[in-house]
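These protein sequence lines map, in sequence, to chains U and X.
Each residue of the first sequence is one higher than the one before, counting from 54 in my numbering.
Each residue of the second sequence is one higher than the one before, counting from 54 in my numbering.
Worth double-checking, as some hints may not be accurate.
If several chains are the same, the list does not tell them apart, and a pair holds so long as it fits within one copy or across any two.
[Said to hold, decoys possible] Taking lysine-lysine pairs in the DSS-like style, the calculated list, with each CA pair at most 25 Å apart, reads:
1. LYS84 - LYS363
2. LYS137 - LYS336
3. LYS316 - LYS336
4. LYS316 - LYS340
5. LYS264 - LYS197
6. LYS363 - LYS55
7. LYS340 - LYS203
8. LYS264 - LYS363
To be clear, the hints were calculated from the coordinates, so they are not data collected in a lab.
There are 2 protein chains.
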Amino acid sequence: MKVDNNDLRTIWLDEKEKVVKIIDQRLLPHKLVIVDLKTSDDIIYAIKNMLVRGAPLIGVTGAFGVYLAVLNNEDIKITCDKIKSARPTAVNLSWAVDKVLSKILKTDSYIEKIKIAKETAYEITEDEVQNCKKIGEYGLKLIKDISLKKNGETVNILTHCNAGWLACIEYGTATAPIYAAFDAGINIHVWVDETRPLNQGARLTAWELGKYGIPHTIICDNAGGHIMQHNMVDIAIVGADRVTYTGDAANKIGTYLKALSAKDNGIPFYVALPSSTFDWNIKDGVKEIPIEERNPDEVRYMEGLLLTPKDSSCANFAFDVTPRHLITGFITERGICKASEDDIMKLFPEKA
Amino acid sequence: MKVDNNDLRTIWLDEKEKVVKIIDQRLLPHKLVIVDLKTSDDIIYAIKNMLVRGAPLIGVTGAFGVYLAVLNNEDIKITCDKIKSARPTAVNLSWAVDKVLSKILKTDSYIEKIKIAKETAYEITEDEVQNCKKIGEYGLKLIKDISLKKNGETVNILTHCNAGWLACIEYGTATAPIYAAFDAGINIHVWVDETRPLNQGARLTAWELGKYGIPHTIICDNAGGHIMQHNMVDIAIVGADRVTYTGDAANKIGTYLKALSAKDNGIPFYVALPSSTFDWNIKDGVKEIPIEERNPDEVRYMEGLLLTPKDSSCANFAFDVTPRHLITGFITERGICKASEDDIMKLFPEKA
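All chains, please: the whole structure from these sequences, using the hints.
Here it is, written out as structure tokens:
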């Protein structure tokens with residue numbers, strides 16, 4: 054994506070140096086720093102500590118982790134398990150790692166393994182780029198329809214966390230329709246949920262949208278209900294970390310609250326995701342999707358600033374699950390479907 | 054309330070110095086600083102800039118503001134209007150100021166006016182203390198019932214923002230039943246919503262509860278839905294800034310989202326308030342209660358730390374309105390009632 058007239062992705066391989074390059078997203082929006090990942094340990098560190106985050110991006114990062122592990126001649130199965138357990142909620146990570154692993158296991162040649170790992174990581178990368186592009190095209194129609202109904206008046210879109218190109222490779226998932234609508238000249242404005250505790254909305258989504266020139270306003274996570282109640286939101290679009298084949302969607306903590314409010318106010322609530330985010334094995338999202346609990350200090354401190362009494366306990370649930378009955382539909386690379394097993398299976402008949 | 058073995062209130066009059074003393078709540082939890090207010094301008098500054106906050110406390114502060122205005126021989130009607138407009142959402146401010154004003158207008162004597170203003174401000178103060186105490190007694194029954202049903206297992210209570218003694222004079226509104234339950238030896242634990250942007254939960258409620266020795270855990274505002282979904286909350290109790298006679302409740306931004314989630318998960322959702330918080334003139338809370346928009350820099354910065362890209366817009370809605378259908382009941386100094394005009398009027402027949 055264009056950042057100050059340079060084309061930038063969230064991750065790429067420096068083939069000469071055999072190094073994976075990423076943006077250290079912890080430092081945005083104030084500093085744009087590129088970091089080198091040289092080993093699978095670097096990859097695991099980057100995923101765990103959220104230098105990279107976002108379901109599609111951690112999938113791709115995991116895939117490049119397998120490549121580095123092969124290159125460094127590690128015990129590949131052990132390393133793959135370590136990478137997969139770096140973060141528990143997003144299913145893309147296991148999906149991508151297993152995809153590379155299954156391909157390299159087909160050969161015994163070291164040279165061949167490296168070649169296959171690299172090619173598969175590239176393939177996953179480009180697939181995710183294309184998926185996001187298509188999500189943008191399908192989602193664009195939703196925004197265009199609202200714009201037509203409003204006679205060209207500003208379409209107000211709410212999004213939570215960052216499901217932007219920073220969570221992917223390009224375009225993003227939830228933001229892909231937003232970029233497509235902006236490119237199509239549709240009058241839009243985006244409400245950006247701050248997204249505590251790590252402020253991915255205020256830091257990352259706002260940065261992305263700002264660099265692209267898209268009008269946006271940052272609000273506290275508390276404010277979404279009020280603006281929905283007062284006709285200030287036309288559509289909500291969020292990303293996902295794992296979606297069951299029945300239509301329950303795990304996404305950044307707080308998503309569920311926005312979905313409840315959208316439902317209460319008759320506002321369409323869409324979840325945008327590539328097929329790699331579907332979990333084809335889990336039926337009941339609320340009961341079965343593992344919800345990561347992160348370090349309470351992420352709640353307690355903000356860049357070193359103590360926000361709470363020093364003896365108070367804090368808890369840090371990283372995701373929540375929005376039950377299917379609150380979701381208007383899924384925007385995928387194959388098209389849009391309702392949040393039901395039937396409708397999902399119609400789009401993905403090979404999984405039925 | 055006891056703070057490190059001293060009895061402390063949020064506001065009091067130093068009769069000798071003719072100065073109103075308050076806690077500067079902006080500096081908690083890290084510093085406990087007492088500030089002198091000597092003029093009605095000081096009072097207005099303290100209310101606007103949230104040195105004092107919370108519906109009952111700003112009411113009492115406003116009442117003492119009228120006393121200072123009388124003492125300093127100001128044009129009393131102009132000053133009262135200024136005080137009342139210092140913050141728009143909480144109805145207690147106008148209610149308290151008008152109560153003092155109407156009494157002092159009955160005499161022409163300067164000496165008599167001072168005496169009446171002081172006495173009325175004291176009376177409002179003590180009434181609010183008694184109201185909170187009674188709210189605690191009525192609310193205690195709710196918590197006791199849950200404790201019995203759970204065979205003495207921990208009762209988990211969620212609260213939003215600070216409707217504690219720091220928002221009142223003593224006991225608090227939402228916290229009064231919590232203190233009463235703790236004093237009664239009931240096993241409780243409180244989930245404290247951080248409450249962005251000004252973190253009154255993480256700063257003030259956590260500080261209060263900690264000083265009293267009540268087990269509590271601070272969570273981001275985003276987390277309430279998840280913990281309600283997973284049986285980690287037995288009851289939610291919040292305060293209010295204005296409640297219509299029909300049962301719609303304005304409270305700190307984000308309250309509405311928690312009420313939606315409580316409803317979705319069958320969790321009782323109570324609003325605790327003294328009668329001074331009822332607005333007997335407004336029917337439709339969502340349409341008619343004015344919602345204060347505060348400086349966007351309260352969202353953009355935290356103690357000087359820039360949280361967003363510097364060119365991004367921010368919006369800062371301070372309150373939202375929870376419609377009556379999401380509220381299980383009101384806990385008032387007269388007892389508990391359902392969130393309907395009928396039930397409210399049964400408790401306050403003189404308003405019918």
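Q.
Please sort LYS316 with LYS336 into within, between, both or neither, judging by C-alpha distance up to 25 Å.
A. both (22 Å within a copy, 24 Å between copies)
Q. Which holds for LYS363 with LYS55 at a C-alpha limit of 25 Å: within a copy, between copies, both or neither?
A. Close across copies (19 Å), not inside one copy (42 Å); limit 25 Å.
Q.
With identical chains, the pair LYS340 and LYS203 could be close in the same copy or across copies; at 25 Å between alpha carbons, which is it: within, between, both, or neither?
A. Close across copies (22 Å), not inside one copy (40 Å); limit 25 Å.
Q | Homo-oligomer pair classification [LYS340, LYS316; C-alpha up to 25 Å] | A | both (22 Å within a copy, 19 Å between copies)
Q: Check LYS84 against LYS363 for me: Cα-Cα at most 25 Å, and say if that holds within a copy, between copies, both or neither.
A: between (29 Å within a copy, 12 Å between copies)
Q: Classify it for me, LYS264 with LYS363: is the Cα-Cα distance of at most 25 Å met within a copy, between copies, both or neither?
A: between (38 Å within a copy, 12 Å between copies)
Q: Since the copies are identical, ignore which copy is meant and state whether LYS137 and LYS336 lie within 25 Å (CA to CA) inside a copy, between copies, both or neither.
A: within (21 Å within a copy, 55 Å between copies)
Q: Classify it for me, LYS264 with LYS197: is the Cα-Cα distance of at most 25 Å met within a copy, between copies, both or neither?
A: Classified as within: same-chain Cα gap 23 Å, cross-chain 55 Å, threshold 25 Å.
Violated hints for the displayed structure: none, as all numbered hints are satisfied.
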